[in-house]
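Asks: Chain residues, written in single-letter form:
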Amino acid sequence: MAGRAIWKGELKIGATKIPVKLYSAVADRTVRFHILDDKHLMRVKQHMVSPDSGDEVTNQEIQKAYEVEPGKFVILTDEDLQSLEPKPSREIEVTEFVPPESINQQWYERPYYLGPDGNEQDYFALAEALEKSEREGIARWVMRNKPYIGALRSQDGYLVLCTLRNAAEVISARELPKPAGRAPSAKELNMAKQLVGMLEGEFNAAEFEDKYRKRVMEFIERKAKGHAPKLRVVKTKRKTTSLDSVLAKSLESLKKEKRAA
Amino acid sequence: MRPFWSGTLTFGLVSVPVNLFPANKSSRPSLRMLSDEGAPLERRYYSQKTEKDLDADELVRGYEFKKGKYVVVTDEELERLAPEKTRDIDLTRFVKEDSIPPVHFERGYFLIPESGSEKAYKLLAETMAKSGFAGLATFVMRGKEYLVAIFSDHGLLRAETMRFVDELRSPADLGLPKKKKVPAASVRKFEKLISSRSKKEFSGAKLQDEQAEALLKLVKKKEKKRSNVVEVETEEREPAKVIDLVAVLKKSLSGKAK
Chain Y
1 MAGRAIWKGE LKIGATKIPV KLYSAVADRT VRFHILDDKH LMRVKQHMVS PDSGDEVTNQ
61 EIQKAYEVEP GKFVILTDED LQSLEPKPSR EIEVTEFVPP ESINQQWYER PYYLGPDGNE
121 QDYFALAEAL EKSEREGIAR WVMRNKPYIG ALRSQDGYLV LCTLRNAAEV ISARELPKPA
181 GRAPSAKELN MAKQLVGMLE GEFNAAEFED KYRKRVMEFI ERKAKGHAPK LRVVKTKRKT
241 TSLDSVLAKS LESLKKEKRA A
Chain S
1001 MRPFWSGTLT FGLVSVPVNL FPANKSSRPS LRMLSDEGAP LERRYYSQKT EKDLDADELV
1061 RGYEFKKGKY VVVTDEELER LAPEKTRDID LTRFVKEDSI PPVHFERGYF LIPESGSEKA
1121 YKLLAETMAK SGFAGLATFV MRGKEYLVAI FSDHGLLRAE TMRFVDELRS PADLGLPKKK
1181 KVPAASVRKF EKLISSRSKK EFSGAKLQDE QAEALLKLVK KKEKKRSNVV EVETEEREPA
1241 KVIDLVAVLK KSLSGKAK
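Those sequence lines, one after another, are chains Y and S. Under my numbering, the residues of the first sequence are numbered 1 to 261, in order. Under my numbering, the residues of the second sequence are numbered 1001 to 1258, in order.
Hints listed in this document are in silico derivations from the structure and should not be mistaken for laboratory results. We treat Cβ as the ideally placed atom computed from N, Cα and C, and that holds for glycine. Treat the hints with caution; some may be incorrect.
Under the rule of at most 35 Å between Cα atoms (straight-line distance), these lysine-lysine pairs were calculated in the DSBU-like manner [as the list claims (entries may be wrong)]:
no., chain 1, residue 1, chain 2, residue 2
1, Y, K146, S, K1119
2, Y, K223, S, K1069
3, Y, K64, S, K1144
4, Y, K12, S, K1025
5, Y, K230, S, K1069
6, S, K1189, Y, K12
7, S, K1192, S, K1224
8, Y, K132, S, K1179
9, S, K1119, Y, K223
10, Y, K12, Y, K87
11, Y, K45, S, K1069
12, Y, K146, S, K1025
13, Y, K132, S, K1085
14, S, K1179, Y, K21
15, Y, K8, S, K1069
16, Y, K187, S, K1130
17, Y, K72, S, K1217
18, Y, K12, S, K1217
19, S, K1066, Y, K230
20, S, K1052, Y, K64
21, Y, K187, S, K1220
22, S, K1066, Y, K225
23, S, K1067, Y, K230
24, S, K1096, Y, K178
25, Y, K72, S, K1085
26, Y, K211, S, K1189
A few chain S residues that face chain Y, going by a derived Cβ cut-off under 8 Å, partial list only [what the hints assert, rightly or not]:
no., residue
27, A1023
28, H1104
29, A1120
30, Y1121
31, Q1208
Some residues of chain Y that are not near chain S, with every Cβ distance over 12 Å (derived) [said to hold, decoys possible]:
no., residue
32, E10
33, R43
34, S89
35, E91
36, R174
37, A224
38, R259
Sequences and hints are given; from them, build the entire structure.
Replies: Structure below.
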């Protein structure tokens, strides 16, 4: 399946411009449910009602407002909202480059691939230069009336633009207190280090698959055929033992597994 | 505020009961809808058949298996479809923190230890910080399976939910042109451009939501001029609750939550 570009723009670094197409890098696999009315098993509709009268209010009569304090609203007219929209532009402006490890994972939101749009040489040269320099570009652009911030990076020789959250959307661990309690002993740290070391490996995304999604889909298919599969109730239990002995036992069993393999 | 999820984080046979709280929040000021007379409105579901409004207990979840034909799936069924061992965050793999491509990252959550489990929590956080490893696991939460990477972050553990490999497209899927060999001079030109604009560090604090700020500024101006301001009795309805996530996290970490 060849993807369709969702937007066209121009990467701009200083005076240099590279025309690009933007594609979503995400394939949605979520099992989509609809809200149904339980008597007729039909999809429901939504409307806005006045809570006092229960009467429907049509779109033409609806006003948008910001609640400045409980019960006090400032109405924003269509003109107000339009005045807040960013100026349309085709430019993805890259203002600076930073080491990738200085961007904490919490900032990344949604990935897009950029594809070349007429100048393949500059496109692949920039991707290679980003990789060699070990840098990610910080970019800003406006797409469909919305301003975006993103990180421009090279992945397997192609340009990826990941949207980034803004400062108000990220809670930093630095501003939070640390959990109370005693620090682990040297012996415990040593055992934990060995344990982690035995589970160490390369990152391989293919190692993990969404098995639950498959179970849900199989269940739906059986139910659609009129079979109502019985599902067992599952209880969760919790056990408590000393940290020391549990660490030692974990190491033992992992070592056994490794020998057996 | 209740935790987003409560469960057990395990590595080897060590289990750490934890609560999950969001590490991200929305910065967009939410707007309310008012009637032309200034009354706050409510969104309601109604039946296509009877055109009557429906209460929450008259709604079910359905999967459309054929046009207009639905299979009803209950919360209980979704819950029971998850085998017991999938309900824990069992760290089965540790990888170098910086080896995970950021295209996978979706959303962050802080793991906060339940009282009594701080010791094992600190042990894992410190071990991971020292080795520079992130732990990987899959687990089922609220009717969905998640792939998570757990990072040690300033003494806390943070989980990032990640897209599974089949939730990401590749350049080949998208039909992007094959990679091209480019002249070394061309690459050098860009390397120079990059190095002349390089900073030592990413500074996220500069990334402000300018649109949200402009909206709040406009609201303030209008409020001062008393233009388009409506006041309604507040007893009639619950005022929109603003949750201070940082305060919630601080309280949970002090062990005084509940």
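Asks: Work down the list of hints and note, for each, if the structure agrees.
Replies: Status of the hints after comparison with the structure:
no.: 1; hint: Y/K146 / S/K1119; in the structure: violated (45 Å)
no.: 2; hint: Y/K223 / S/K1069; in the structure: holds (12 Å)
no.: 3; hint: Y/K64 / S/K1144; in the structure: holds (34 Å)
no.: 4; hint: Y/K12 / S/K1025; in the structure: holds (30 Å)
no.: 5; hint: Y/K230 / S/K1069; in the structure: holds (22 Å)
no.: 6; hint: S/K1189 / Y/K12; in the structure: holds (14 Å)
no.: 7; hint: S/K1192 / S/K1224; in the structure: violated (51 Å)
no.: 8; hint: Y/K132 / S/K1179; in the structure: holds (16 Å)
no.: 9; hint: S/K1119 / Y/K223; in the structure: violated (46 Å)
no.: 10; hint: Y/K12 / Y/K87; in the structure: holds (17 Å)
no.: 11; hint: Y/K45 / S/K1069; in the structure: holds (17 Å)
no.: 12; hint: Y/K146 / S/K1025; in the structure: holds (18 Å)
no.: 13; hint: Y/K132 / S/K1085; in the structure: violated (43 Å)
no.: 14; hint: S/K1179 / Y/K21; in the structure: holds (16 Å)
no.: 15; hint: Y/K8 / S/K1069; in the structure: violated (39 Å)
no.: 16; hint: Y/K187 / S/K1130; in the structure: holds (15 Å)
no.: 17; hint: Y/K72 / S/K1217; in the structure: holds (16 Å)
no.: 18; hint: Y/K12 / S/K1217; in the structure: holds (30 Å)
no.: 19; hint: S/K1066 / Y/K230; in the structure: holds (23 Å)
no.: 20; hint: S/K1052 / Y/K64; in the structure: holds (25 Å)
no.: 21; hint: Y/K187 / S/K1220; in the structure: violated (59 Å)
no.: 22; hint: S/K1066 / Y/K225; in the structure: holds (11 Å)
no.: 23; hint: S/K1067 / Y/K230; in the structure: holds (26 Å)
no.: 24; hint: S/K1096 / Y/K178; in the structure: holds (24 Å)
no.: 25; hint: Y/K72 / S/K1085; in the structure: violated (50 Å)
no.: 26; hint: Y/K211 / S/K1189; in the structure: violated (47 Å)
no.: 27; hint: A1023; in the structure: holds (5 Å)
no.: 28; hint: H1104; in the structure: holds (7 Å)
no.: 29; hint: A1120; in the structure: holds (5 Å)
no.: 30; hint: Y1121; in the structure: holds (6 Å)
no.: 31; hint: Q1208; in the structure: holds (6 Å)
no.: 32; hint: E10; in the structure: holds (15 Å)
no.: 33; hint: R43; in the structure: violated (7 Å)
no.: 34; hint: S89; in the structure: holds (14 Å)
no.: 35; hint: E91; in the structure: holds (16 Å)
no.: 36; hint: R174; in the structure: violated (5 Å)
no.: 37; hint: A224; in the structure: violated (4 Å)
no.: 38; hint: R259; in the structure: holds (16 Å)
Checked against the numbered hints given earlier, this structure breaks hints 1, 7, 9, 13, 15, 21, 25, 26, 33, 36 and 37; the rest are met.
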